[in-house]
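Quick note, the sequences are listed as chains A and B, same order.
Read in the numbering used here, the first sequence has 33 at position 33, and its numbers run on one by one without any break.
Read in the numbering used here, the second sequence has 13 at position 13, and its numbers run on one by one without any break.
These are calculated hints, taken from the structure and not from any lab test.
Just so you know, even glycine gets a beta-carbon here, dropped at the ideal spot from N, CA and C.
Heads up, a few of these hints could be off.
What the hints assert, rightly or not - Computed spacing ranges between beta-carbons, pair by pair:
| # | chain 1 | residue 1 | chain 2 | residue 2 | range |
| --- | --- | --- | --- | --- | --- |
| 1 | A | P257 | B | V35 | 39 to 45 Å |
| 2 | B | G155 | A | W162 | 40 to 46 Å |
| 3 | A | L104 | B | V45 | 38 to 44 Å |
As the list claims (entries may be wrong) - Stretch-level coverage of chain A by chain B, calculated; a stretch enters the list once three of its residues show a Cβ under 8 Å from a Cβ in chain B:
| # | region |
| --- | --- |
| 4 | 65–73 |
| 5 | 142–156 |
| 6 | 206–218 |
| 7 | 272–285 |
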Amino acid sequence: MISFIIRRLLVTLPVLLGITLLVFSILHVIPGNPAQILLFGSSPTPQQISNLDHQLGLNGSFFAQYWHYLVQLVHGNLGYSYSSQQTVAAEVGSQLPYTINLSLAALAVALGVGVPLGIIAGIRPGGVVDKVATGVAVLGVAIPYFWLAILLVLVFAVKLRWLPALGTGSADALILPAVALGWGFAAIIARLLRNNIIEVYERPFMLVARAKGFSEWQLLWRHAMRNAVASTVTIVGLQIGYLLAGAVAIEVIFGRPGIGSFLVARIQEKDVPSIQGVVLLVAVAYLVVNLLVDITHGLLDPRIRQGWSR
Amino acid sequence: MTADAVSVRPVTPPHPGRLEILAGRFRLAARHDTVGLITAIMALVLVLLALLAPLLPLPNPANLVGQAQLPPSAHHLFGTDELGRDVLSRTIWGARHTLVAAALSTALAAVLGTPLGILAGYLSRWPSGVVMRIMDILLAFPGLLLALVVVTILGPGVTTVVLAVGISFTPVFGRVGYGPTRSIRAQDYIAAARAVGCSQLRIVRRHVLPVMASEIIVVVSSAIGWTTLLAATLDFLGFGIRPPIPDWGADLAAGVQYLGTAWWISAAPGVAITVTILVANYLGDFLAGMIDPDRLTKRRTEIKDTTALMAGDA
Numbered sequence: 001m002i003s004f005i006i007r008r009l010l011v012t013l014p015v016l017l018g019i020t021l022l023v024f025s026i027l028h029v030i031p032g033n034p035a036q037i038l039l040f041g042s043s044p045t046p047q048q049i050s051n052l053d054h055q056l057g058l059n060g061s062f063f064a065q066y067w068h069y070l071v072q073l074v075h076g077n078l079g080y081s082y083s084s085q086q087t088v089a090a091e092v093g094s095q096l097p098y099t100i101n102l103s104l105a106a107l108a109v110a111l112g113v114g115v116p117l118g119i120i121a122g123i124r125p126g127g128v129v130d131k132v133a134t135g136v137a138v139l140g141v142a143i144p145y146f147w148l149a150i151l152l153v154l155v156f157a158v159k160l161r162w163l164p165a166l167g168t169g170s171a172d173a174l175i176l177p178a179v180a181l182g183w184g185f186a187a188i189i190a191r192l193l194r195n196n197i198i199e200v201y202e203r204p205f206m207l208v209a210r211a212k213g214f215s216e217w218q219l220l221w222r223h224a225m226r227n228a229v230a231s232t233v234t235i236v237g238l239q240i241g242y243l244l245a246g247a248v249a250i251e252v253i254f255g256r257p258g259i260g261s262f263l264v265a266r267i268q269e270k271d272v273p274s275i276q277g278v279v280l281l282v283a284v285a286y287l288v289v290n291l292l293v294d295i296t297h298g299l300l301d302p303r304i305r306q307g308w309s310r
Numbered sequence: 001m002t003a004d005a006v007s008v009r010p011v012t013p014p015h016p017g018r019l020e021i022l023a024g025r026f027r028l029a030a031r032h033d034t035v036g037l038i039t040a041i042m043a044l045v046l047v048l049l050a051l052l053a054p055l056l057p058l059p060n061p062a063n064l065v066g067q068a069q070l071p072p073s074a075h076h077l078f079g080t081d082e083l084g085r086d087v088l089s090r091t092i093w094g095a096r097h098t099l100v101a102a103a104l105s106t107a108l109a110a111v112l113g114t115p116l117g118i119l120a121g122y123l124s125r126w127p128s129g130v131v132m133r134i135m136d137i138l139l140a141f142p143g144l145l146l147a148l149v150v151v152t153i154l155g156p157g158v159t160t161v162v163l164a165v166g167i168s169f170t171p172v173f174g175r176v177g178y179g180p181t182r183s184i185r186a187q188d189y190i191a192a193a194r195a196v197g198c199s200q201l202r203i204v205r206r207h208v209l210p211v212m213a214s215e216i217i218v219v220v221s222s223a224i225g226w227t228t229l230l231a232a233t234l235d236f237l238g239f240g241i242r243p244p245i246p247d248w249g250a251d252l253a254a255g256v257q258y259l260g261t262a263w264w265i266s267a268a269p270g271v272a273i274t275v276t277i278l279v280a281n282y283l284g285d286f287l288a289g290m291i292d293p294d295r296l297t298k299r300r301t302e303i304k305d306t307t308a309l310m311a312g313d314a
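Build out the structure end to end from the sequences listed, making use of the hints.
Okay, here's the thing in structure tokens:
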């Protein structure tokens, strides 16, 4: 198990470096010199520009600058925002809790709706619940989440006036964004879990277990679910990125604070360090979640561990 | 020896023309897959509407044709928008921009990604690892985030949206090219082809590509649905087409402020995007059934999983 985790970490390392390189390169491929953008309007002397370049670590070769960037990252320094002059780390840090709340609430919706629907549909394929679940899944995947958000606002906030459309003050305000963001994910979970359960029920060991006299309940929880969940977990992990990216549009629609609406605002202002900070954060979070998911999968299924040691 | 190698070339038996085969396959697939047939027809209708928009008896999508925010009526089937333009006309004209952006970016992703995947599958151990790690790095960015990075670099615009969406979907096609290549690389018939002197390019064209043809078609087709979604998201966020030009994402965003009084302004482009995604998904399965009739009898569940995965990428 330890060697599996170490191998998995070793594969992650180059990807992590690649992500930082890609994020760092944004500054270099974007038109315009950072120092000139910062000193815009003050007609700077070349001396001022080179001083600022030095201060920002922007002199020397590309790789010297990249090295400087990495060293700063390790110290938790994401640079200074062009538009607010605050540290990016502090700004992103203040926005992050809102996005995490939204993502967790959406994940709760996704699991709360997707898992029961997937299990019931999987046990009785072709039954009423399965047909409803399939309809929900097909629509859930196909309806754009930002449009679903608009529909929810229209029905529950504008027409019925049950829930607030905007704002972050109360817990109610979280419901509509979380449903809009989590629904498509629920559809994917339901679909995958259903297919996995159907597949497991066709395996010979299920026949053996049934012949041995296990109850249907034991069959489901002790045999079918253990197998079905393992492969579903991987896909769920891969889809965490869906929540983080989807939060961008959802935050903009509902006028919520968070790293998504922060990112969109800063792209419009061409505030490169802030953009770099958010992009790096999301990509690394995504990578870490996938790493944890793979390790969990390895814990649940010994065959995965063996696959990695070959 | 050389004489033997030449005589190995198979004699092609007389066979029906390609069109006849396709027609037969179409009938076979249509019999097995009614939903697929319906979506194939809907896809045709969507494409025809987009292509023939200038010939249809519709008011100019940019012209004011009546009062603002008129509800749907016989005169304006989908009502009028916040400025008094015909919503039906804007939705049909919007298909031209949105679908073209989706098709171009899907083509870009397929043309960039598939050869990279095949290359990685074909190469020996470590160069292949390098190419696939680069794909992993791209995959570490959720599609929308990668697209937003491209927007940051290039600035908002129509070309930006196509490039951004295309690059975001490149790793998806990389995976499509990589898997099958990896698994047939060691097959005897590849070694045999090499032994009779086939060039690498010919081996890829004659032996590798056909194996993944049906998978590529499924992925291209459903990818058009997801690239439509991603392109519409970027337009929705205001990084694409400028407002007066009709576009699904931008029109959807414009209608949000008028939800309470004129829901139809956002509803029409929203339905259009949803229908496109649905049609694209089912069409992929239908076309795959035509190319590879074995798939028709296979359980549909296995096929659906790949498209579910892509939804997350968008």
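Structure-based check of each hint:
1. A:P257 with B:V35: 39 to 45 Å: The hint (39 to 45 Å, Cβ to Cβ) holds, given that P257 (chain A) and V35 (chain B) are roughly 43 Å apart.
2. B:G155 with A:W162: 40 to 46 Å: holds (41 Å)
3. A:L104 with B:V45: 38 to 44 Å: The hint (38 to 44 Å, Cβ to Cβ) holds, given that L104 (chain A) and V45 (chain B) are roughly 42 Å apart.
4. 65–73: violated (count 0)
5. 142–156: holds (count 9)
6. 206–218: Coverage by chain B is violated here, the residue count being 0 at a Cβ distance below 8 Å.
7. 272–285: holds (count 5)
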